[in-house]
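Asks: Here's the letter readout for the chains.
2 protein chains.
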Amino acid sequence: MNNGKLIVASSSECSDLLYITNFMAPDPFIFFSSNNIKGVVVTALELKRARSECKKDITVFDRDEVISKSSPDKDIKMVLKGLVEKFPADTWEVPATFPLLYAEYLKSLGVSLKCVDGEFFPKRQTKSQEELDLIFNSVKLTEKTMHRAEDILRESTIRNDGVLLWNGDVLTSEIIKREINLEAVRCDAIAESTIVACGKHSSEPHNTGSGPIVANQPIVIDIFPRHEKSGYWGDMTRTFVKGKASEMVKKAYDAVRDARDKAKSEIKAGALPSVVHNGTMDILTERGFKTGKDDNGNYYGFFHGLGHGVGLDIHEKPGVNALNNQPFKVNDVVTVEPGVYYPEWGGIRLEDLVVVKENGIDCFTEYDNILEID
Amino acid sequence: MNNGKLIVASSSECSDLLYITNFMAPDPFIFFSSNNIKGVVVTALELKRARSECKKDITVFDRDEVISKSSPDKDIKMVLKGLVEKFPADTWEVPATFPLLYAEYLKSLGVSLKCVDGEFFPKRQTKSQEELDLIFNSVKLTEKTMHRAEDILRESTIRNDGVLLWNGDVLTSEIIKREINLEAVRCDAIAESTIVACGKHSSEPHNTGSGPIVANQPIVIDIFPRHEKSGYWGDMTRTFVKGKASEMVKKAYDAVRDARDKAKSEIKAGALPSVVHNGTMDILTERGFKTGKDDNGNYYGFFHGLGHGVGLDIHEKPGVNALNNQPFKVNDVVTVEPGVYYPEWGGIRLEDLVVVKENGIDCFTEYDNILEID
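Protein sequence lines correspond, in order, to chains A and B. For what it's worth, the working numbering labels the leading residue of the first sequence as 23, then goes sequentially. For what it's worth, the working numbering labels the leading residue of the second sequence as 23, then goes sequentially.
Possibly wrong hints are sitting among the right ones.
For chains that are exact copies, the list does not tell them apart, and a pair is met inside one copy or across any two.
What the hints assert, rightly or not - Using 25 Å as the maximum straight-line C-alpha spacing, the simulated DMTMM-like pairs for lysine to aspartate or glutamate come out as follows:
#1 Lys251 x Glu214
#2 Lys162 x Glu201
#3 Lys312 x Glu75
#4 Lys60 x Asp317
#5 Lys312 x Asp276
#6 Lys315 x Asp97
#7 Lys272 x Asp316
#8 Lys379 x Asp173
#9 Lys99 x Glu338
#10 Lys166 x Glu288
#11 Lys312 x Asp84
#12 Lys286 x Glu394
#13 Lys222 x Glu75
#14 Lys129 x Glu141
If you're looking for bench data, these hints aren't it; they were derived computationally from the structure.
Please model the entire structure based on the sequences and the hints provided.
Replies: Right, here's the structure in full:
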């Protein structure tokens, strides 16, 4: 039996494709492996670049070399037809995300497809040393962008009405996000959807924040830049208060920090993500931070997973949540990011990025946990 | 017959989903319409944000409200099961990119799916006035980033060996790209894969460029930032020479500019993209810039489409190429970007963005066409 593998996607969106080819391209192209050939099929536009940038074990084909002779045009369908004729396989394995249109077309040609439910390249979850070095680099540049945000909060002053001023203007979430994103570009990375959420905004985990930053309120800053050349992501969160935090916010901060550090102390090869997640929930509950749903159907407390894998995708395997009972493996890379969120006073989240090892973790994030900024 | 519509994707990758919901989210969520309901199903993490950011005609459901009672967990499959039970449709239309895994799962439940080959929301190609305003804004910020690049070339000096110096250092492609990307962030946009390709690099249309910029060589600068809040893209290309262009480069520049302007004069509602594309090819050939393939299988001349649609995707319908025989329609938005590329001396590309009108175009790009910079 010759099982081939087939992907049709753009590698800027499909990290499996980037992983196997190393070729970053914004438009869809085809990867296949069949018998002992690994190849990509690209357009004229990308031919030379693909030849110089693809991994050495990949053969680069021009569409014209592969296209079915019976083809009326150069549409991807016709390239697929030519491909399965030229490099036959008994069954083609395709990823869960394989486009239904192309699947139906291939099936109409009598081609056997097997959709893989789970990891298409199972090795991808376990990072190589080279990948760990690239992720470490992305974590370090993420820390630089966090320092930029923290510096701005330190440099700012508090106006009589509690609104922060910086460089003579009202300091807003938008200004801090822009400064973070500029710092990311200076580090050759792209930061999008950066979160700088103050006060009530911080009570929604994915609210990116808007408007003036005010004193004595929690400010959740969550930054996840992608290094443009390597494609690997960093991810970290800190929560600050400019001025004085309330007793409730201090108590929540301590509980979240302790829950995070407890989780970090429990993660190692063989530990179960679900158990670590549930342990975090227990600590937060014991410390008075209950999780539930209010009468309007809105959640409060700790209502997201403890963490997620990070690599060529910002959210990848393994998930660190109540549902994942697959033991951690050496060189899994995950975030550890408990948080609590209450509409009355806002939210706290603290996030580090760690590498799973035999007897514990290697924590890539090196950044103080300081709540109050003078 | 009640035909429903169904999408499972992240809206940061699937512009159909962003178009219909206006909700930008990095993780997959579900959109459906059935009978007179349009809804999205999101996780606890996104519930509040989805309620405040989705279009007014969209009802936001928590996964827990929709999930099948027989479901063992909160995996998307189980939400899909609950969804098709709760909001039945005779047939569900799904986009070409619908993930095969979910299609196979729904079919295993006896659900009827129809994969739409072509536009999932046919109205999306024709831009509304509101969309045109957002695209205009993205074009204007793109021009700002191009001015930044041009200013740097003007400010630079030529060292004895022809290498450019700027701020006391050797000027590289990487430096100009970074400065362009910084300017994009200052305009609340994200620029990725920016091209600043000098000399031989400019002979490959998608080579992003690297290393020192040298005098008297073509420098192709192609910038396509996405405005972060609106999600609409800009796209433009200019080609410069710092110092003196060769006679060949001057001749190529004039031919490409004239071909582009001829194409712009021919585009209007009812004109055929294929005819306009082929006319461009004819002009370039007449002016001595032939298109073909060398003995190594590498292309030269004009070997990409004349243009592409631009909106929430950087490359969308309509394509302006030899294969597209669908007439232009009023308020299509397309690029016009002929180019010629030769390994011997490099490449020239000039790209404007235009809106198709009844009797011609509205050109959004307002930027000089100047080859040589002193």
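Asks: With reference to the structure, classify each hint as holding or not holding.
Replies: Results of checking the hints against the structure:
Proximity of lysine 251 and glutamate 214 under a CA criterion of 25 Å is satisfied in both settings, with 16 Å inside one chain copy and 10 Å between copies. When the C-alpha separation of lysine 162 and glutamate 201 is checked against a cutoff of 25 Å, the pair qualifies both within a copy, at 17 Å, and between copies, at 21 Å. In this assembly of identical chains, the alpha carbons of lysine 312 and glutamate 75 never lie at most 25 Å apart, being 51 Å within a copy and 27 Å across copies at closest. In this homomeric assembly, lysine 60 and aspartate 317 come within 25 Å of each other (Cα to Cα) only across copies, at 24 Å, whereas the closest approach inside a single copy is 55 Å.
Within a single copy, lysine 312 and aspartate 276 get their C-alpha atoms as close as 15 Å, which meets the 25 Å cut-off; across copies the closest is 70 Å, which misses it. Taking CA atoms no more than 25 Å apart as the test, lysine 315 paired with aspartate 97 passes between copies only; the shortest distance there is 20 Å, against 50 Å inside one copy. For the identical chains of this complex, lysine 272 and aspartate 316 are intra-copy neighbours only, at 24 Å inside a copy versus 69 Å across copies, given an alpha-carbon limit of 25 Å. Proximity of lysine 379 and aspartate 173 under a CA criterion of 25 Å is satisfied in neither setting, with 34 Å inside one chain copy and 50 Å between copies.
In this assembly of identical chains, the alpha carbons of lysine 99 and glutamate 338 lie at most 25 Å apart only when taken from different copies (18 Å versus 29 Å within one copy). Taking the shortest Cα distances, lysine 166 and glutamate 288 never come within 25 Å of each other, neither inside one copy (28 Å) nor across copies (51 Å). When the C-alpha separation of lysine 312 and aspartate 84 is checked against a cutoff of 25 Å, the pair qualifies only between copies, where the shortest distance is 20 Å, while the shortest distance within a copy is 59 Å. Only within a single protomer do lysine 286 and glutamate 394 lie at most 25 Å apart by alpha-carbon distance; the minimum there is 23 Å, versus 59 Å between protomers.
In this homomeric assembly, lysine 222 and glutamate 75 come within 25 Å of each other (Cα to Cα) only across copies, at 16 Å, whereas the closest approach inside a single copy is 47 Å. For a Cα distance limit of 25 Å, the shortest separation of lysine 129 from glutamate 141 qualifies both inside one copy, at 23 Å, and across copies, at 22 Å.
When held up to the earlier numbered hints, the structure conflicts with 3, 8 and 10 and fits the remainder.
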